[in-house]
Amino acid sequence: MALGVPKDIMLTRLDYLANWVRANSLWPMPFATACCGIELMATGASRHDVARFGAEVMRFSPRQCDLMIVAGRVVMKMMPVLQRIWLQMPEPKWCISMGACASSGGVFDTYAVVQGVDRFIPVDAYVPGCPPRPEQLIQSIIDLQEKIRQTGTLTGREFERRTASEAPVNLVPKLNPDNVVVAPGDFTTATKTQP
Amino acid sequence: MLDSETAMTANYLELLKARLGPDGFATSRFRDNERVVVPQEKLGETLRLLKEDGGFDMLIDITAADYLDYPDARDRFGVIYALLNTTTGQRLYVKTHVNEPELNLSSAVPLWRGADWMEREVFDMYGIVFEGHPDLRRILMPEEFTAYPLRKDYPLRGRGERHNFPTITRAEG
Numbered sequence: 001m002a003l004g005v006p007k008d009i010m011l012t013r014l015d016y017l018a019n020w021v022r023a024n025s026l027w028p029m030p031f032a033t034a035c036c037g038i039e040l041m042a043t044g045a046s047r048h049d050v051a052r053f054g055a056e057v058m059r060f061s062p063r064q065c066d067l068m069i070v071a072g073r074v075v076m077k078m079m080p081v082l083q084r085i086w087l088q089m090p091e092p093k094w095c096i097s098m099g100a101c102a103s104s105g106g107v108f109d110t111y112a113v114v115q116g117v118d119r120f121i122p123v124d125a126y127v128p129g130c131p132p133r134p135e136q137l138i139q140s141i142i143d144l145q146e147k148i149r150q151t152g153t154l155t156g157r158e159f160e161r162r163t164a165s166e167a168p169v170n171l172v173p174k175l176n177p178d179n180v181v182v183a184p185g186d187f188t189t190a191t192k193t194q195p
Numbered sequence: 001m002l003d004s005e006t007a008m009t010a011n012y013l014e015l016l017k018a019r020l021g022p023d024g025f026a027t028s029r030f031r032d033n034e035r036v037v038v039p040q041e042k043l044g045e046t047l048r049l050l051k052e053d054g055g056f057d058m059l060i061d062i063t064a065a066d067y068l069d070y071p072d073a074r075d076r077f078g079v080i081y082a083l084l085n086t087t088t089g090q091r092l093y094v095k096t097h098v099n100e101p102e103l104n105l106s107s108a109v110p111l112w113r114g115a116d117w118m119e120r121e122v123f124d125m126y127g128i129v130f131e132g133h134p135d136l137r138r139i140l141m142p143e144e145f146t147a148y149p150l151r152k153d154y155p156l157r158g159r160g161e162r163h164n165f166p167t168i169t170r171a172e173g
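Line by line, the protein sequences are chains W and S. So for the first sequence, our numbering puts the first residue at 1; every next one is plus one. So for the second sequence, our numbering puts the first residue at 1; every next one is plus one.
Same shape as in the complex, but just chain W (with noise of 0.2 Å):
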């Protein structure tokens, strides 16, 4: 332009207000499996309120919010539900994994339960906890609420350069095969009585 300002003044303006929007209006679909889900629950009750961040309306409708809270363990039978759920959210959306369970499995090690919902469903903010207080949880949408403002933009372009998977990856293979200590009782032979 004529003037000498940059071009995308305007533009980081516009970011700028988006974000502020987006942030202090996060209506959470409160994806509660499990005993998380009561804690979740408490939150939105009057004592821990988190309406006052924001999360006015806990729509179950997962068309008319922005942030989905997975609260307590995922099946392997619920991973498939998990996901469309996730994808019927318009953009921009957002996920905090609340909990151990939905972070990493939590204690249940088992044949049903997904060892963390980030192995298939893209996570912003992870809960510890069993369960996590309520205050724990407000600290967590406030975080995100933070990484809105300083990374969000008015079209969702951030979201389109995170191409790769979040998964957590293996550390086996990074390690020198001499290093790897053969533990008894993998996941092969841990059910198996000694002779």
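Simulated from the structure, these hints should not be mistaken for laboratory data. Don't take every hint at face value.
[Claimed, not checked] A few chain S positions that, by computed beta-carbon distances, are all more than 12 Å from chain W:
#1 Asp32
#2 Arg48
#3 Lys51
#4 Ala65
#5 Arg74
#6 Ile80
#7 Ala82
#8 Asn104
#9 Leu111
#10 Phe123
[Claimed, not checked] Pairs of lysine to aspartate or glutamate, EDC-like flavour, derived with a Cα cap of 16 Å:
#11 S/Lys95 - S/Asp66
#12 S/Lys17 - S/Asp53
#13 S/Lys152 - S/Glu100
#14 W/Lys77 - S/Glu143
#15 W/Lys77 - S/Glu161
#16 W/Lys77 - S/Glu144
Here a beta-carbon is modelled for each residue, glycine too, at the ideal position from N, C-alpha and C.
Take the given structure of chain W and dock chain S to it, following the hints.
Only chain S this time, still in chain W's reference frame:
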């Protein structure tokens, strides 16, 4: 109290002796936990006899046990029926043993409707088929699951079925 208990105990034992013969079944007992072990082909009539003439009108649970690594086992699976007499409060456990390849038992659904989901669970977890069941399919695991998880030769963490899903990355949305 004890007299009436032994009288009740004798009641169903007499019925079973009359129907199956004195050597047709085994009993064992520990305190108030009474068990009857019957052969696989006699299970249906034993349950019917106990329900109709023995007064055991409620089925509490059907479960199974895998004796694969058990030290002195002769049969691989045991299927256990827990019965309750609601008028007297007496409980009884009826047990059969099944082995591969004939993992078939007659279904208890004609006697107790509650056996429906219980037998589906035993089928899902152990692979024991109940003939005469109206809708025998998996109940806890997804329909496409191929293994029987509670068998002793199935590992605790599974064989990779739990992570066999496509990954959705951020860009796909």
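Do the hints match the structure? See the list:
1. Every CB of chain W is more than 12 Å from the CB of S/Asp32 (nearest about 31 Å), matching its label as outside the interface.
2. Against chain W, the non-interface label of S/Arg48 holds: every CB pair exceeds 12 Å, the least being about 35 Å.
3. The claim that S/Lys51 is not at the interface with chain W holds, since no C-beta of that chain comes within 12 Å of its own (minimum 34 Å).
4. Distance check on S/Ala65: its Cβ is at least 15 Å (rounded) from any Cβ of chain W, clearing the 12 Å threshold; non-interface status holds.
5. Here S/Arg74 stays apart from chain W, with its beta-carbon at least about 18 Å from theirs, past the 12 Å limit.
6. At the 12 Å boundary, the C-beta of S/Ile80 stays outside the reach of chain W, the nearest C-beta of that chain being 21 Å off.
7. Residue placement check: S/Ala82 keeps its beta carbon more than 12 Å from all beta carbons of chain W (closest about 25 Å).
8. With a minimum CB-CB distance of about 25 Å to chain W, S/Asn104 clears the 12 Å threshold, and the non-interface call stands.
9. The claim that S/Leu111 lies off the interface holds: its Cβ sits roughly 30 Å from the closest Cβ of chain W, which is beyond the 12 Å cut-off.
10. Distance check for S/Phe123 against chain W: the nearest CB is about 16 Å away, which clears 12 Å, and the non-interface claim stands.
11. The hinted pair formed by S/Lys95 and S/Asp66 meets the criterion: a straight-line CA distance of about 13 Å does not exceed 16 Å.
12. Proposed proximity of S/Lys17 and S/Asp53 is supported: the alpha carbons are some 13 Å apart, at most 16 Å.
13. A hinted pair counts as satisfied when its Cα atoms are at most 16 Å apart, and S/Lys152 with S/Glu100 qualifies at roughly 14 Å.
14. A C-alpha spacing of about 9 Å is found between W/Lys77 and S/Glu143, which places the hinted pair at or below 16 Å, so the restraint holds.
15. Under the criterion of a C-alpha separation no larger than 16 Å, the hint pairing W/Lys77 with S/Glu161 is consistent with the structure, at around 10 Å.
16. Annotation: proposed proximity of W/Lys77 to S/Glu144 holds, straight-line Cα distance about 10 Å (limit 16 Å).
This entry satisfies every hint, going by the numbered hints stated previously.
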